[in-house]
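Using the sequences and the hints, build the whole thing.
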Amino acid sequence: MLKFHFIRKIFFILLDTNNFKITQNIPPSGFRGADINNMNPFIKYISGIFTAVKSLLGGMLVTWRELWRKKVTMQYPENRDTLVISDRWRSELTMPHDENNEHACTACGICMINCPNGTINVISKTIETEDGKKKKILDKHIWDYGMCTFCNLCVITCPSDAIIFNNDFEGAMFDRSKLVHQLNKPGSKLREKKPLTPKGEQKAP
Amino acid sequence: MNYSQPLELTGIISTLDTFFRNNLTPFWATFIEGALILIAILAAYAIIALALIYIERKITAFFQSRLGPNRLGKYGVIQSIADMVKILIKEIIQINDVDKFLFYAAPFFVIISSVLTFGAIPFGMGLQAVDFKIGIIYVIAASSLGVIGVLLAGWSSNNKYSMIGAMRSGAQFVSYELSAAFSLMTIVVLSGTMQLSEIVENQRYAWNLFNGHIPAMIAFVIYLISGHAETNRGPFDLPEAEGELTAGYHTEYSGLQFGFFYLAEYLNMFIIAAVATTVFLGGWMPIQIKGLDAFNQVMWYIPSYVWFFAKTGVLIFLSLWVRWSFPRMRIDLLLNLEWKYLLPINLVNILLMVLMVLAGWTLSDWFPGLFAIAP
Amino acid sequence: MKDIILKAVPDAVIEEKQKLTVTVEPKQLHPLIKALYSNKELPFDYLINLIGMDWGEKLGVMYLLSSSADMSREVVIITSTDDRQNPLLYSITDMYEAAHLNEREVYAMFGIRFINNPDMRRFLLDDDWNGFPLRKDYDADSRLNPITIVNKEIKDIAPFIMEDADGKLTEGTTRIFDENDYIINIGPQHPSTHGVMHFRTSLDGEIVKKIDVNSGYIHRGIEKLCENMTYPQILHFTDRLDYLSASINRHALCMCIEKAAEIEVPARAEYIRVIMDELNRISSHLIAWSAHCNDLGATTAFIYGVREREHVLDIFDKTCGGRLIVNQNVVGGVMFDIYPDFQKDVKAFIPYMREKLVEYDDFFSHNAIALGRMVKIGNLTREDAISYAVTGPAGRGSGWSCDVRKHKPYSLYDKVDFREIIRNEGDSYARYMNRLDEIEESLHIIEQLVDNIPEGEILAKVKPIIRLPEGQYFQSVEAGKGEFGVFIESRGDKNPYRVKFRSPSLAAVSAMPLICRDEKLTDFIGIGGSMDYVIPDIDR
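Protein chains in written order, with this note's numbering: chain A, 1 to 205; chain B, 1 to 375; chain C, 1 to 540.
Hints are computed from structural coordinates only; laboratory data are not their basis.
Here the structure is a predicted model, which means the values were calculated and not measured.
By construction, the Cβ of each residue, glycine as well, lies at the ideal position given by its N, Cα and C atoms.
Treat the hints with care, since some could be wrong.
A few chain A residues that don't get close to chain B, going by computed Cβ distances all over 12 Å [unchecked claim]: (1) Ile49; (2) Glu66; (3) Gly109; (4) Lys135; (5) Ile137; (6) Phe150; (7) Ile164; (8) Asn166; (9) Ser177.
Partial selection, computed: residues in chain B whose CB lies under 8 Å from chain C [to be verified]: (10) Lys58; (11) Phe62; (12) Gln64; (13) Arg66; (14) Ile164; (15) Gly234; (16) Pro235; (17) Glu244; (18) Thr246; (19) Trp324; (20) Ser325; (21) Arg330; (22) Ile331; (23) Leu333.
Below you can see the structure in the form of structure tokens.
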């Protein structure tokens, strides 16, 4: 029923030429063409054709020039060797370890508190040092690649510069569980002496 | 004057013909020849479509400062073959609530109409399956069958998008069919025949485009525009209008059925270009200048089918160029263009052509020594 | 102005806070706003923001009103009700068309129904949603609102509450569409709705008769999430509202917090912020241009626009490591200083972009088909633009001078020289050309700033934990799509009590039913492109 109604309507509309808005000959704002409103209808008709054809050819000229220009497509992965990734590009959160397998994380948990969506989980454990003091050290620093919004808050608020984002952007996995990274390497421990230029708390926004 | 034509296929064809006629009864000879021609046409149909799909994707990419398919084979040449395999092995999804018979019949209407037209095209010297006396009428009639398939597809899909697409297509096709037919008729007036092979022969020294100068050129432009519109390609792609109607009349189709629409779309583009070549640009006839036998001989060394495909290729490129340069039209702008511009111009044009032919103002009338076929 | 207010409502409580704040009883709200709306000197005819509030025992609404003639004059009107079971307030939809969707959103989020609003369905949420999410006592238990995969029938019945002359309330329902209407769903999955938007469109042949806007398919509850987060944590959400104006949105929130906490931003950071904002505006307008062309069927133009945008994104990428999600502004300054070649890259981009703008004109702006598709299509008059609160290039295309950068200058915008692009035609083409011209103006602004970036700090000294003093804070900026506003109510904690974002896209979408009526279906898509809305901005 609706179908018939619809067909009748659409043909009715197509046949009734009053429905057609004649919009082609009205010079629009900003268009610096000839003023063709005050001409007699026949000349208007003819000049309308020529203005239209001219504008269309202008458009075709642009694509024609484009045909011969150098293409902009990047051919990944063929260009892997030459691909430049910006230094500040944030891909994967990492914890730099030095040659002694030592990192700078004190397991303070500031990154975990600052993370807006619970991507970071710092698991600490308490050990007893040689001189008998109890000390909190890092057990696991877990970061979920799949949940991270790369807002950089963890990095800029870290008091000991223990974590940074690296440039390694090829992080696709077949399994979500593989996106959960443990950042501290097995057997690693806290670097004893502090870095030469401690950033301190003032960097926090 | 007879020129040497080393690469023409006429020899092979007549050898085959003689072989069959000598060894079989006339009925079986005709039957086997018919079957061979059918196979050849269907094979050419598929190959041309695949080639066109690849070419279009590549050229489109170049227009858009991209590279296009470049993963399968060198420069991606076997991309469209891979696509074909994919479409062949894809599931044909059974849809509830469609009008089953019409839904499955629709793609065949579209593809059959384009195969029928395809068969009548003279691809080269002696490479024409059917050569009717009323060739042009036949081409117009057969190609206009396709719209039935489109309308049926939209109607039977039971989908509002498809429906609107099909209705648009109906309106568009009926309108532009008129212009296309009239512009071909203009040339019929000029060359005095409707037989495609004769039209080609008549253009030996002067293409109809130049022989009929002003009216022929107007007819040529109108034919290109309306032919382009008939193929439902941008800027006239309202029936598909991907941005509005998702895929228009073939939204609900999948797998091979969709493949049929896809194939027919590309082949229709080829057919329009081929008919324009045959009627306006001298078809498969090489460029020849009366009196310069050496030059003509060189031209004849290039086989006729190469000439045909080269000319057609230029027109196809033009069609791609237009398609990827313009935004889509709206249905009322589209019908305005046809009914307020193309059709009136066409009617005046056909009258002009009649007057010209009667008054003897064609190039071959003015310079018979240069352009006329008969001495 | 106080005279007008007191004349209309003698017992209104007027306070001078960040903005002039007036508190009235629900009954007096409508007369007061009517008086402000219809006063001769400076009619307050522009509803910037309509904010639902839950103050514990009271539920209320805040109206941020301004005048279309002088946008720097603003007034906040507050009204509230004690009834938490069946809260009823008065609608102002008879004056402000923009209030329609906003009041429906308040109903969905707070359960406040508005008397005299003709269509009181929930916006952004399903009709059968349990609870009102932005109320403080909302139970977020997922068992109350289970995820179903069952297809839900859309009901075309809108409830309303009307008040007749002698104050009697009657509830009733109206039908959105007639029974015989040919309705087609544009969206939620559709190539041209620029996101997950759902327009239910009734057609008469090819002609659009009526549009019903449905949204909320990708609502993320950002405003609710903000209430449990510290201010630095909230920042990253703003990038995800209107993702095309990421940097500008974040600038607004940072400024709002900085003003409240009285933090002075270093000059260098201001320069970097403004340059980044303008680059962001260029990239937003480029996408708008490309998407508009694509909606009109010119796929090639889309790729050209994206190609140019890539250069902007490369600059973003090198500056702050983000392309779409710029992530540059932080409270007190910017996160990253500019990189050494920043000036060189920006200065190389400016002439390149100018050259491409000429190419765009040749390619599309003068194209006869494109003109046929845009000129005199989708007419939005100045009055309607104001009433629907359509700002940005679209509002300026209707002849309404509504550039926040001119009217309420922030950051460096009172120091740089730029033109406000205004066209009076109000059609798709005016909006289209406005965007291209604004790209040129943005380039001009960048040109003035890029060589003069002062040396110095990029980040002011900020306490590690930011607590805003108790109060209500507003900040508006000119984003790519129009006026983007931030409202924060603080109770002195490290978390905000309530955050509300004014979304320019919501206004653009709310005007769609008006400007698409009696246009062709094809043009509906084109007009959508010219209004340039981004759905995540609506589904906050």
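- When the nearest CB of chain C is found for B:Leu333, is that gap smaller than 8 Å? holds, 5 Å
* With a cut-off of 8 Å, does the beta carbon of B:Gly234 approach a beta carbon of chain C closely enough for the hint to hold? -> holds, 6 Å
Is the hint on B:Arg66 kept, meaning its closest Cβ partner in chain C is under 8 Å away?
holds, 7 Å
So, as I understand it, the hint says B:Glu244 touches chain C; can you test that by seeing if any CB pair is closer than 8 Å? Constraint on B:Glu244 satisfied, holds at 5 Å.
Is the hint on B:Thr246 kept, meaning its closest Cβ partner in chain C is under 8 Å away? Constraint on B:Thr246 satisfied, holds at 7 Å.
(message) Would the non-interface assignment of A:Ile164 survive a Cβ cutoff of 12 Å against chain B?
(response) The claim stands: A:Ile164 keeps its Cβ more than 12 Å from every Cβ of chain B (closest is about 35 Å).
**Asked** Is the interface hint for B:Arg330 satisfied, with its Cβ closer than 8 Å to some Cβ of chain C?
**Response** holds, 5 Å
- Would you assess whether A:Asn166, listed as outside the interface, keeps its beta-carbon beyond 12 Å of every beta-carbon in chain B? Since the minimum Cβ distance to chain B is about 29 Å, A:Asn166 lies beyond 12 Å and the statement holds.
Exercise. May I ask you to check that A:Phe150 keeps its beta-carbon over 12 Å from the closest beta-carbon of chain B?
Key: holds, 28 Å
- Query: Can the hint on B:Ile331 be confirmed by a CB-to-CB distance to chain C that is less than 8 Å?
  - Reply: holds, 6 Å
Cβ separation check - A:Ile49 to all of chain B, threshold 12 Å = Contrary to the label, A:Ile49 does not stay out of reach of chain B, its closest Cβ about 7 Å off (not over 12 Å).
Are all beta-carbon distances from A:Gly109 to chain B longer than 12 Å?
-> holds, 47 Å
In this structure, the earlier hints numbered 1, 2, 10, 11 are contradicted, and the remaining ones agree with it.
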